[in-house]
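Colleague: Count the first sequence with this note's numbering and you get residues 23 to 595, in order.
In short, the hints are calculated from the structure, not lab data.
Since we're looking at a predicted model, the values are computed, not measured.
Don't take each hint at face value.
Unchecked claim - For each label pair, taking beta carbons as the anchor points, the in silico distance ranges come out as: (1) Arg362 <-> Pro96: 51 to 57 Å; (2) Glu433 <-> Glu332: 39 to 45 Å; (3) Glu92 <-> Glu321: 53 to 59 Å; (4) Glu332 <-> Gly405: 20 to 26 Å; (5) Asp491 <-> Arg563: 23 to 29 Å; (6) Tyr128 <-> Gly89: 58 to 64 Å.
Each residue gets a CB set at the ideal place from its N, CA and C atoms; glycine is no exception.
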Amino acid sequence: MALRMSTLFLRTLREDPADADVPSHKLLVRAGCVRRVAPGVYTWLPFGKIVLENVARVVREEMDRMGAQEVLFPALLPREVYDATGRWTEYGDNLFRLKDRKGADYLLGPTHEEMFTLLVKSEYSSYKDLPVSLYQIQNKYRDEARPRAGILRGREFLMKDSYSFDLSDEGLQASYDLHRAAYVRIFERLGLDYRIVYAVAGAMGGSSSEEFLAVAPSGEDEYVSCTACDYAANTEAVETSAPPALDAEHPPSEVLDTPDTPTIETLVDLLRSKGYDITAANTLKNVVVKLQTPGKDDEILVVGVPGDREVDLKRLEANVYPAEVAGVLDDFSAYPELVRGYIGPQGLPESVRYVVDPSVAPGSAWVTGANAEGRHAVNVVHGRDFTPSGVVPAAEVRAGDLCPRCGAALEINRGIEIGHIFQLGRKFADAFELDVLGPEGKPVRVTMGSYGIGVSRAVAAIVEQHYDDNGIVWPRCVAPADVHVVPVGKDPAALEAAEKYTVEFEAAGLRVLLDDRGASAGVAFADADLLGVPYVVTFGRTLKDGQAEVKDRATGERTLVALDDLVETLTLR
RNA sequence: CGGGAUGUAGCGCAGCUUGGUUAGCGCGCCACGUUCGGGACGUGGAGGCCGGGAGUUCGAAUCUCCCCAUCCCGACCA
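Put together the whole structure using the sequences plus the hints.
Modeller: And the structure:
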């Protein structure tokens, strides 16, 4: 049945909502797709709900096609399941928790690894049953510290999550590849411009991990991509190719008096005034960070990076897992051996863990602190004067840095994370002792992959990439209708023709949005632009010539088409 | 959790500095009439605990204090 605007539960807004600032948020509200209920919680109105269902349909079709099977877990889950993996505690404030009338703890599922693992454990017990991939499309709940950008980052959101179960690492790789290929098909069909980038496995454990990022300036994720080859990675996960070890001869290191130079800038200024030809890039900055590891005492870590770069705490954290980086140390009172502003790697006590960014190459010489108030050392050589206990990528990544694969320049852009695939490995299988009986009659521990698509977020991502000054421009595949029929003018023949061709279009399999409100032409056209249906067919003054006007919403191109050719013209597109 | 901004009709806003009739404008909504291919016009309507509480005052949307909420930036975030 055609969507009739006279009765459709839809109210378009002429002005942007005051609380929105990203395009998708403004447009989805103005076009009557969503309404805010609470921070990060939205109602889907009929027009938007159709789009959401269309996206879900594409996801479902491709998941089914790759052989995954759909299930549906409850969103309301008992605490016990999350206790088994420790996540009732680990998830912290982000978990929506509640109690039933008896006082028993429940939660609203933020993700469903535990449930899938338990389900397979309870039903399957033989190697003959594997591999298997299961998925669901369901609301997730996360009490985000700061929901933002409308449905781009909500506290309740619709997500497709799937899990693969395999006997071997090779099997897991095959399941991963199948998912990856399915995701490519899904995002192609959705009309999204996206990049597949290397990601950090992070708190989920596991190894190989890639994110699908929809390219958008409003995106929250920053990624690098090579201007020459196809390397792309989340900035947290960028590999830094270590410069080759240098074996040049350096003069012996020497300690200088450098009063009042606690920062790189003051140090460089002072040394240049004394005739040393150095820049911030020649200095070795040593930053003290606090590490917290679940179940362990807090500790500190000193990280050495070139002085012209900041430490990227997210990137550092991605490389010290499972420890978390709790921030930069600001109270040095408990560490008298560390001289704030004048820390150097040479002569640090054994008890202090010291690591360097890969860009601090073995054999390179640095200007750095001398571990004494107001003193620095020059010609401090990595490998001669100090030996770090490890190499950890921690320096901020910048546009123009070199690609770790081919050496060309990297660029930095932003994207919206619409999909994430990774090889979980045996973390959850271990937690639940998920084994199947192998062909030799002995139990085999199952290995898992985890794969997610933000369905509601994808709707916002699509809008972020498909809009203009006048409104949304839906890709045909997810559009709420194929054709928007607009009768215009006071001649009743216009509405009659609109009604007649609505029937014909539908008979030809087209989905129709009919503007039978009797609104003025300006209102009807403006709403058509805002609502973004791919083709707008206007019946009006051209009827007397036996024609209607067909407008392509994306290009703005308008063509007059003979009434008899309308159905053919629109179905061919 | 830190920084900033904002709360007045369904939506977008003005009024607050300098307290004083019945709190105003645009959009939207209702009725009637005119209009009818790019957000038309007229007339008449409906719609407000001015975020909440306490205070100052003869009198508070307006001044003071406290609280709450929302948005943005940061921290945080399978």
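Colleague: What hints, given by number in increasing order, does this structure fail?
Modeller: As far as the earlier hints go, 2, 3 and 6 are violated by this structure, in ascending order.
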